[in-house]
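The task is simple: from the sequences and hints, build the whole structure.
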Amino acid sequence: KQWYQRRVRGVNMKILCIAVSVLLLDVSLQADLKIIRTSSGVSRPAPCAVICAGETGPNTELQANYNDGRVEFLKVKRIDISQCGFVEKPILTVHLEGRVTRIAQWSHAVYRADAKSFGLYITQNTKSIWNSPSWNLNVMWSAYGYTC
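In short: position in the sequence shown from 1, add 33, done, that's the numbering used here.
Since the hints were made in silico from the structure, they are not lab data.
Since the model is a prediction, treat every value here as computed from it, not as a measurement.
For every residue, glycine included, the Cβ atom is placed at its ideal position computed from N, Cα and C.
Among these hints, one or two may not hold up.
Label pairs and their in silico Cβ distance ranges [what the hints assert, rightly or not]:
id	residue 1	residue 2	range
1	E94	S115	15 to 23 Å
2	S72	R111	17 to 25 Å
3	G74	S175	17 to 25 Å
Below, the structure is given as C-alpha cells:
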C-alpha cells in the first residue's frame, strides 16, 4: 500500500511539473503587441495582432524603370507576404542588405502594398541608378497587422 501511494504521489508530481512547465511556456511565448493605428482605422481584438517577417534572400532580382534613356529607379518584384494571413494591409518596415558601398547611397519606398504582397522602389540621389548582381541585394521586411 505504501509503495502504491508513493508511486501515485510521484506520478502526480510529474503531472503537476509538466502542467506548470506548459503554462509557463505558454505565457512566455505570448508577446504583447499593440497596434495603435492602421490605414483602415479599424480596431481589431489584441489577439489578432501579429508580427510577420522575412527576407528575399541574396541576389534579389531588380527591374529597371527608364526615364529619358536613364534608369530613374529600380523595382523589386512583388514580395509575397500571403503566408502571414493578414486580413488587411499591414504596417511594413523594410531594410536593404548587400554590398554596403553601393546600397548605402540608396533610398527605398514601399508601393502598392496589400494584405498579400508589396513592391519596392529603389532610387539614389544621382537620379541615375543601375542594376548589378554583384550588389548581392537582400530585402529584409517586417509586417505588423491583424489576422482576424
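We went through each hint and held it up to the structure:
Hint check: E94 to S115, Cβ distance near 19 Å, so the stated range 15 to 23 Å holds. Taking the beta carbon of each, S72 and R111 are about 19 Å apart, inside 17 to 25 Å as hinted. Between G74 and S175 the CB atoms are about 21 Å apart, so this pair conforms to the stated range of 17 to 25 Å.
When each numbered hint is compared with the structure, no violation occurs for any of them.
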